[in-house]
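Enquirer: Starting from the known structure of chain A, arrange chain B on it as the hints suggest.
There are 2 protein chains.
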Amino acid sequence: MENFTFYSPTYFAFGKDTENQAGQLVKKFGGTKVLIHYGGGSVIRSGLLDRVKKSLENENIPYIELGGVKPNPRSGLVYEGIELCRKEGVDFILAVGGGSSIDSSKAIAAGVVYDGDFWDFYSGKPIENALPVGTVLTISAAGSEGSPDSVITKEEGMFKRGASGDAIRPKFSILNPALTMTLPAYQTACGVTDIMAHLYERYLTNTKEVEVTDRLIEALLLTMKKEGARAVFEPENYDARANVMWAGMMGHNHSCGVGRSQDWRSHCIEHELSALYDCAHGAGLAIVMPAVFRYSLKHDVMRFAQVAVRVWGCEMNFQDPEKTALEGIDAFQKFLISIGMPSTFADIGAKEEDIPKLVDVLCHGDGRDGTIYGFVDVNEEDCTNIYKMML
Amino acid sequence: MENFTFYSPTYFAFGKDTENQAGQLVKKFGGTKVLIHYGGGSVIRSGLLDRVKKSLENENIPYIELGGVKPNPRSGLVYEGIELCRKEGVDFILAVGGGSSIDSSKAIAAGVVYDGDFWDFYSGKPIENALPVGTVLTISAAGSEGSPDSVITKEEGMFKRGASGDAIRPKFSILNPALTMTLPAYQTACGVTDIMAHLYERYLTNTKEVEVTDRLIEALLLTMKKEGARAVFEPENYDARANVMWAGMMGHNHSCGVGRSQDWRSHCIEHELSALYDCAHGAGLAIVMPAVFRYSLKHDVMRFAQVAVRVWGCEMNFQDPEKTALEGIDAFQKFLISIGMPSTFADIGAKEEDIPKLVDVLCHGDGRDGTIYGFVDVNEEDCTNIYKMML
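Chains as they are written, first to last, in the working numbering: chain A, 1 to 391; chain B, 392 to 782.
Everything labelled a hint here was simulated from the structure, so no lab data went into it.
Some clues are possibly wrong.
Keeping only pairs whose Cα atoms sit at most 25 Å apart, straight-line, the calculated DSS-like set for lysine-lysine is [what the hints assert, rightly or not]: (1) Lys418/B to Lys445/B; (2) Lys418/B to Lys407/B; (3) Lys424/B to Lys478/B; (4) Lys53/A to Lys171/A; (5) Lys742/B to Lys545/B; (6) Lys208/A to Lys545/B; (7) Lys419/B to Lys125/A; (8) Lys461/B to Lys616/B; (9) Lys226/A to Lys599/B; (10) Lys154/A to Lys225/A; (11) Lys779/B to Lys748/B; (12) Lys16/A to Lys27/A; (13) Lys208/A to Lys617/B; (14) Lys54/A to Lys16/A; (15) Lys171/A to Lys725/B; (16) Lys419/B to Lys444/B; (17) Lys16/A to Lys28/A; (18) Lys714/B to Lys725/B; (19) Lys16/A to Lys599/B; (20) Lys334/A to Lys388/A; (21) Lys225/A to Lys562/B; (22) Lys617/B to Lys599/B; (23) Lys28/A to Lys748/B; (24) Lys27/A to Lys562/B; (25) Lys171/A to Lys748/B; (26) Lys208/A to Lys616/B; (27) Lys689/B to Lys714/B; (28) Lys87/A to Lys16/A; (29) Lys16/A to Lys226/A; (30) Lys689/B to Lys599/B; (31) Lys562/B to Lys171/A; (32) Lys298/A to Lys208/A; (33) Lys779/B to Lys725/B; (34) Lys516/B to Lys28/A; (35) Lys419/B to Lys28/A; (36) Lys445/B to Lys562/B.
Next comes chain A alone, as it looks inside the complex:
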């Protein structure tokens, strides 16, 4: 195991009706003027936004609003939010929504207290200061409610890039599984896929002797296999939603990924798909992951065999472990298809003729050096091959 630091100081209020604690929690963490940042229709229609506002009013905390966050959140709205916060003297950002609203809130929070262009943070500059952020989560997927990470798409060039820093970890996150019960099956399944991707990205490691984190990741994958499917097919099953929600947080607050190298190539390779075609991130991942895994299989057959046996219930083929390894990837892909996820380029409207463009932006966009680093480093030719495996 490698040396590491771990720090996860987010306060979680988990369970029914917890959104009514928003005002008290903003007060607890020092907010006196709030920007409520959200997407659109559903948080308004469901009455959630009103309940959150009521909770702030009960604590006499003034607020302003900025809606309109889109999936794969854009830099334009971040610039707008930064301006607005400065003008209005906002000192706390409250995200109401899923990963997109939270990531956009984190970007605004970092940008408000920074003199330069906030995009610097998404080009590699570490985030050291930010306004405090709180969240009211409505989708189990991104894990942003417990992570120091944010992903934003820059409109010029359609680069989708990530930034990170303890300063943008939410001070609190309100997790009410009931808020996710109205999510359509497709969006639920996209979230399930994203959570499983966070787990696989950590699982694919070159660090030896990491039994504790291997086992924790497998535990969360097993949970998603059972409860993720149940959340898709029984949308109003509170317990299934609750198990998925905690698994999503635990899978991405880094506690199960400490002390080991990680992969994250699937996320990089997917980001170009959702940037170009504006598909759901989870749907893109469902197509990308099996291709990346099959392409990387020979790098460490036993690692893929281990997850096949321990998570997917495959029987170990001691004569030919590669068969077991492949069987595990097949089982994962079948699972994704069974919950309604796509499996080919055509399913998300992606086109073979775009592959050169995808590979170019992936490998050279925004200052990249031609290689995507991870479990196995891959170059332009590899990435072309990987995209072709998705046809």
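Expert: Quick look at chain B alone, frame taken from chain A:
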């Protein structure tokens, strides 16, 4: 799943040589005058105490020392520590050692800022304020490095009782697995047993639909089964020590026990053994747990069968699940014996004729009402039967 809150803001510095960061971390968390609180011989002999002092000196942080913490730490030294801190104007407590040093430090930290008798907190009063505490861990066992809990023995009456509160969660914990490599096999095995006990106490729940926490607990039990044994038999295996150390923290910072009722009867029943005979807490637990489990088996056969199959590799007996359940308890006890733990009263010098006294203090000491609450509530007769099963 039940509603819950989760808050674990401890900063962990994990890995080789991390004890040299003690001074920087005390400074980061605002300490300007430190009490270093520790046990005895080994932290001095190994040079660890000197390295920690050096690290404080490098940051120009003045310190005083209080050694002499014993296993099953006593109230007398806590009173002494509180006096000393007040006299010397200490504003940060740095525990160097295992659970005993950490728990004693937490008690001092809470007592210094409290006008009454610190024992009030160990009689049920919640801890709301305390001096900040940091830790340099030398034994993987108690999990106190990441928990809001502390257990102290009151000399008058030999009551062993716990207190809890977010205020006594360590601000930082330094976890260097190499510091545990000189621990004798017996102490290592006691720690392994304690960690597994924390997991079983959470596993035995009456809450339904808790797949995510079930799976996480099983993941940590599986880790301990492999890496715990390896740490005992290959004491200088850094990776085994590292896996055990992170499993011990994760198993007790509550992330795998949220939203579910828990048991903790084995800890209560054991506390009377270590209070009366001053045996190691882990050794006491090794004797107590199999008895408590067998006594509670019929309350939820399928729960015991589940852990038997998922952790102990037993084959499910679909005709007679109770057989599988019992087989799992037997396998756990065999494991404990295999790492050198005791299995009977005689092994720790406990005596049958003391049972009435043990039961009386257990069920009525320090204001208890005659019942020990948990997975199954047990009365005096039950506790007598359980102690007798250990003969």
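Enquirer: Now, for every hint given, state plainly whether the structure supports it.
Expert: Cross-check of the supplied hints:
1. Lys418/B to Lys445/B: The hint holds at about 14 Å.
2. Lys418/B to Lys407/B: holds, 21 Å
3. Lys424/B to Lys478/B: holds, 12 Å
4. Lys53/A to Lys171/A: holds, 19 Å
5. Lys742/B to Lys545/B: holds, 22 Å
6. Lys208/A to Lys545/B: violated, 45 Å
7. Lys419/B to Lys125/A: holds, 22 Å
8. Lys461/B to Lys616/B: Status violated; Cα separation ~28 Å.
9. Lys226/A to Lys599/B: Holds - the C-alpha atoms of Lys599/B and Lys226/A are around 15 Å apart, at most 25 Å.
10. Lys154/A to Lys225/A: The given pair, whose Cα atoms are some 34 Å apart, is violated under the 25 Å limit.
11. Lys779/B to Lys748/B: holds, 13 Å
12. Lys16/A to Lys27/A: holds, 21 Å
13. Lys208/A to Lys617/B: holds, 15 Å
14. Lys54/A to Lys16/A: With Cα atoms ~17 Å apart, Lys54/A and Lys16/A stay inside 25 Å; holds.
15. Lys171/A to Lys725/B: violated, 45 Å
16. Lys419/B to Lys444/B: With a Cα-Cα distance of about 16 Å, the restraint between Lys419/B and Lys444/B holds, given a limit of 25 Å.
17. Lys16/A to Lys28/A: Since the Cα atoms of Lys16/A and Lys28/A sit roughly 20 Å apart, the hinted pair holds (cutoff 25 Å).
18. Lys714/B to Lys725/B: Holds - the C-alpha atoms of Lys725/B and Lys714/B are around 16 Å apart, at most 25 Å.
19. Lys16/A to Lys599/B: The hint holds at about 16 Å.
20. Lys334/A to Lys388/A: holds, 19 Å
21. Lys225/A to Lys562/B: violated, 36 Å
22. Lys617/B to Lys599/B: violated, 28 Å
23. Lys28/A to Lys748/B: violated, 47 Å
24. Lys27/A to Lys562/B: holds, 22 Å
25. Lys171/A to Lys748/B: The given pair, whose Cα atoms are some 49 Å apart, is violated under the 25 Å limit.
26. Lys208/A to Lys616/B: holds, 18 Å
27. Lys689/B to Lys714/B: Within the cut-off at roughly 11 Å; holds.
28. Lys87/A to Lys16/A: The hint is violated at about 36 Å.
29. Lys16/A to Lys226/A: Roughly 22 Å between the alpha carbons, so the hint for Lys16/A and Lys226/A holds.
30. Lys689/B to Lys599/B: Answer holds: Lys689/B to Lys599/B is near 17 Å, not above 25 Å.
31. Lys562/B to Lys171/A: It holds: about 16 Å lies between the C-alpha atoms, which stays within 25 Å.
32. Lys298/A to Lys208/A: Within the cut-off at roughly 17 Å; holds.
33. Lys779/B to Lys725/B: holds, 19 Å
34. Lys516/B to Lys28/A: holds, 22 Å
35. Lys419/B to Lys28/A: holds, 22 Å
36. Lys445/B to Lys562/B: holds, 20 Å
Violated hints for the displayed structure, listed by number in ascending order: 6, 8, 10, 15, 21, 22, 23, 25 and 28.
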